[in-house]
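Those protein sequence lines, which keep their order, are chains A and B.
Using the working numbering, read the first sequence as starting at 98 and increasing by one per residue.
Using the working numbering, read the second sequence as starting at 4 and increasing by one per residue.
Just so you know, the hints here were simulated from the structure itself, not pulled from any lab data.
Don't take each hint at face value.
In silico DMTMM-like cross-links for lysine to aspartate or glutamate, where the CA-CA straight-line distance does not exceed 25 Å [stated by the list, open to error]:
hint: 1; chain 1: B; residue 1: Lys669; chain 2: A; residue 2: Glu186
hint: 2; chain 1: A; residue 1: Lys114; chain 2: B; residue 2: Asp555
hint: 3; chain 1: A; residue 1: Lys114; chain 2: A; residue 2: Asp171
hint: 4; chain 1: B; residue 1: Lys669; chain 2: B; residue 2: Glu571
hint: 5; chain 1: B; residue 1: Lys486; chain 2: B; residue 2: Asp422
hint: 6; chain 1: A; residue 1: Lys114; chain 2: B; residue 2: Glu558
hint: 7; chain 1: A; residue 1: Lys138; chain 2: B; residue 2: Asp634
hint: 8; chain 1: B; residue 1: Lys183; chain 2: B; residue 2: Glu212
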Amino acid sequence: MQFENMKRGNVMVIAPKLEALDADNVGEFRNEMACTLKEVKDAVLDLENLQFIDSSGLGAILSFLRQLNASEGDLKLCGLSRPVRAVFELVRMHRIFEIYSDRDEALRSFV
Amino acid sequence: MERGLRKSWTAAFRRLSAGLAAMTELTLRLEGPAETICLHGREESESELAGTLPLPDCFPEGWVLRYAARPALAGLEPMLAGLVDAASRLSSLEADRQGLFDELNSSWETLHSVYELIGRKEEEGDLGSVMDAIVARIAALKPGTQVAIWTLDEEILHPAAWRNCAMPRRQTLGRGLLTKAIWEGRSLGLHGEELREHGGLEEEFLAAEAVAMSPIRGATETFGVLAVWHRLDLAFGARLSALLEAVTSHLSYLIENDRSQNEMAETIRMRKEVEIGGRIQQSLLLGRPPDVFPGLDIATFSVPSAKIDGDFIDFFQHRGSCLDVLVGDVMGKGFAAALVGAAVKTQFLRMGRHVQGPHGEFKELEPEAFVASVHEAVAPRLFEVDRFVTACLTRLDMERSTLTYVDCGHTDTLLSRADGSVEVLKEDLPGRVNLPFGLDARARFQGRSVSIRPGDVLVYYSDGVSEAMNAARGQFGTEGIRKVLEMERDGDAHYIAQSIIAAVNAFAGVEGIRDDLTLVVIKVTDEVGDRVVLEQARDFSCESGQLSTVRDFVEEFCGFVPPGVLDEGAVESMKLGVNEAFQNVMDHGYGKRAEGGLRLEAILFTRRIVFRLTDWGKPFQGRSVAPPAFDGSRSHGFGVFMMREVFDGVRYQRAEGQRNILTLTKRFPMEV
Chain A
98 MQFENMKRGN VMVIAPKLEA LDADNVGEFR NEMACTLKEV KDAVLDLENL
148 QFIDSSGLGA ILSFLRQLNA SEGDLKLCGL SRPVRAVFEL VRMHRIFEIY
198 SDRDEALRSF V
Chain B
4 MERGLRKSWT AAFRRLSAGL AAMTELTLRL EGPAETICLH GREESESELA
54 GTLPLPDCFP EGWVLRYAAR PALAGLEPML AGLVDAASRL SSLEADRQGL
104 FDELNSSWET LHSVYELIGR KEEEGDLGSV MDAIVARIAA LKPGTQVAIW
154 TLDEEILHPA AWRNCAMPRR QTLGRGLLTK AIWEGRSLGL HGEELREHGG
204 LEEEFLAAEA VAMSPIRGAT ETFGVLAVWH RLDLAFGARL SALLEAVTSH
254 LSYLIENDRS QNEMAETIRM RKEVEIGGRI QQSLLLGRPP DVFPGLDIAT
304 FSVPSAKIDG DFIDFFQHRG SCLDVLVGDV MGKGFAAALV GAAVKTQFLR
354 MGRHVQGPHG EFKELEPEAF VASVHEAVAP RLFEVDRFVT ACLTRLDMER
404 STLTYVDCGH TDTLLSRADG SVEVLKEDLP GRVNLPFGLD ARARFQGRSV
454 SIRPGDVLVY YSDGVSEAMN AARGQFGTEG IRKVLEMERD GDAHYIAQSI
504 IAAVNAFAGV EGIRDDLTLV VIKVTDEVGD RVVLEQARDF SCESGQLSTV
554 RDFVEEFCGF VPPGVLDEGA VESMKLGVNE AFQNVMDHGY GKRAEGGLRL
604 EAILFTRRIV FRLTDWGKPF QGRSVAPPAF DGSRSHGFGV FMMREVFDGV
654 RYQRAEGQRN ILTLTKRFPM EV
């Protein structure tokens with residue numbers, strides 16, 4: 098699983114090169130994310146490449162949000178494709194996450 | 004209270020109930036006003052004790068037998084009552100024997116012989132070897148002593164064990180000495196003149212100068228007779244009589260004991276048979292509806308009882324748009340009824356399959372002719388076995404939107420109309436009532452047709468449903484079903500069926516359901532005229548890493564749906580729904596074990612698309628479905644919710660062959 102992560106100021110931008118996030122690869126995704134988020138307070142998850150997400154993928158992202166929230170940080174999302182956004186809306190998670198159209202917009206929201 | 008008797012009763016009961024205790028976790032206690040004797044199970048566990056039984060007279064007033072079983076055992080109480088009886092019989096025999104020994108005690112020599120004879124044999128279970136040992140010991144008392152034991156079965160004496168003589172004859176009761184001892188129920192001793200003058204003497208005793216015998220008497224019947232004879236006139240005295248009586252008394256005790264054990268084994272065997280019968284009924288008599296039938300939503304429900312009966316159901320699919328529903332009941336219960344039911348059902352199946360039109364083409368019979376031809380074939384057989392069968396054949400023709408039924412004295416089938424009114428499908432015009440099968444060889448059968456519309460609900464039920472009783476001995480009746488229909492008719496067929504069963508259970512309350520409950524609910528959906536356009540299936544192993552293949556299958560199949568039929572995003576959402584269903588089976592049905600497999604079928608109808616997922620894992624019951632938390636406080640529990648959101652219908656069925664079938668339906672806004 099490839100990630101193209103970069104640090105912008107205090108905010109970590111996480112960009113998994115992933116087309117689908119489902120129960121079959123969520124374990125690996127969780128492990129990668131856990132490593133990345135270890136020393137991070139605020140993060141942007143750029144899902145630009147993602148075309149499909151299922152309930153387990155959504156559950157994983159939700160647990161990262163709660164993890165960062167617990168240490169008074171935040172996880173913001175950007176680059177959601179139409180089908181991925183539809184899944185977030187299906188289970189009302191667009192109300193829980195701050196979702197931006199691209200990563201610049203997401204980064205600006207941290208200032 | 005006779006202490007000795009109580010003790011022997013308790014011992015006998017404990018021994019007899021050991022087999023029962025091995026079947027289930029059994030707690031048995033004798034409870035008196037100031038004393039409790041634990042027979043089986045634990046001393047405590049007050050709350051679990053399910054009931055009490057009265058005790059025999061050897062216990063003083065106020066004593067009862069308390070019992071409980073976990074898991075609950077059907078028929079426990081009558082079984083225990085039987086054991087209480089058996090123990091009483093055994094213990095009174097035991098008491099007799101004790102009295103005899105007390106008497107014998109005055110003669111040390113005789114008592115010693117008896118102990119020698121039977122003392123060591125008590126532990127050996129096999130009656131035959133006990134009898135052999137007894138005759139051997141008695142024969143050894145004095146040289147030349149001839150001994151035999153006959154057992155009595157239906158007025159015939161069968162030789163069971165003998166010594167120092169040829170094999171005794173098998174003989175019917177008559178005028179001889181053996182018969183006399185049995186009839187009079189007491190020991191006899193004859194010798195010399197007295198013996199020779201006795202008429203009708205048995206062949207065995209013709210050359211004897213002295214004969215003594217004692218019947219083997221149980222509490223309620225005689226099991227046989229023990230005889231001793233000698234060529235010399237030994238003048239067998241009271242001492243030998245006492246010895247023989249002691250031995251036969253002991254033997255009868257052993258036989259009673261043996262029988263009680265066998266009866267117990269028999270009871271257990273019969274219970275097993277009933278269980279097997281229930282399974283036969285489920286598989287042989289209760290046919291399954293087609294998994295998918297355009298325009299019809301079909302649910303069957305069956306709760307088997309301990310009894311076997313002849314209720315039968317089947318479904319025959321003639322053409323794409325025609326479904327026959329057959330329900331019937333054989334009068335009477337038991338295996339015979341079940342077999343007759345199976346035979347009649349099979350005849351329907353045969354007639355339905357083998358009818359050809361004038362040009363050799365396949366053609367189904369009209370319902371009336373169908374019923375008549377089956378009756379013609381089965382009526383002679385039914386006369387032979389003296390049974391009759393009620394039945395109702397319904398043909399649902401979805402192309403013509405009609406229902407044709409031929410009712411032959413069956414329970415009233417209910418047709419609940421979309422407007423809420425309820426019709427009874429019964430041929431009740433005077434003089435036109437169709438007779439049940441097997442009453443009149445020349446019977447004629449008439450059917451009636453009515454139109455059907457989307458929203459109509461058909462309810463077939465066995466008499467176990469309508470005749471379910473409550474504590475006040477009222478019947479659930481068709482009224483009960485009508486009430487449920489009034490409230491719940493908007494649900495799907497499965498929901499309506501479950502509501503009826505729930506209402507029957509609530510009605511019966513503590514009385515419980517005694518009969519089989521068999522129910523078929525058919526709802527006419529708005530998909531009348533819906534046809535299958537395309538079907539595809541793919542089998543999957545039960546390993547992870549296949550979700551993307553599953554989604555590709557869904558996407559490819561959706562490619563066959565003409566453009567414009569599906570909403571934007573519908574394909575993506577169905578991929579998600581099937582993905583979730585698949586993963587749910589992997590997680591819960593198989594518990595993450597890499598065994599079994601999954602089959603994914605896709606069916607495209609003109610008005611809907613159906614994905615059917617079959618697995619051979621655990622049944623859905625117990626698979627946990629927690630509602631999702633929309634506030635983000637929990638990161639799981641979204642899967643099932645997503646499935647239900649994406650599809651218009653999500654239906655789970657546990658099917659035969661230990662299959663789980665999950666049917667996901669998406670309706671189209673317009674016809675393909």
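Verification of the hints:
no. : hint                  : verdict
1   : B:Lys669 <-> A:Glu186 : holds (20 Å)
2   : A:Lys114 <-> B:Asp555 : holds (20 Å)
3   : A:Lys114 <-> A:Asp171 : holds (22 Å)
4   : B:Lys669 <-> B:Glu571 : holds (14 Å)
5   : B:Lys486 <-> B:Asp422 : holds (15 Å)
6   : A:Lys114 <-> B:Glu558 : holds (22 Å)
7   : A:Lys138 <-> B:Asp634 : holds (22 Å)
8   : B:Lys183 <-> B:Glu212 : holds (18 Å)
Violation of the numbered hints given earlier is absent; every hint is satisfied by the structure.
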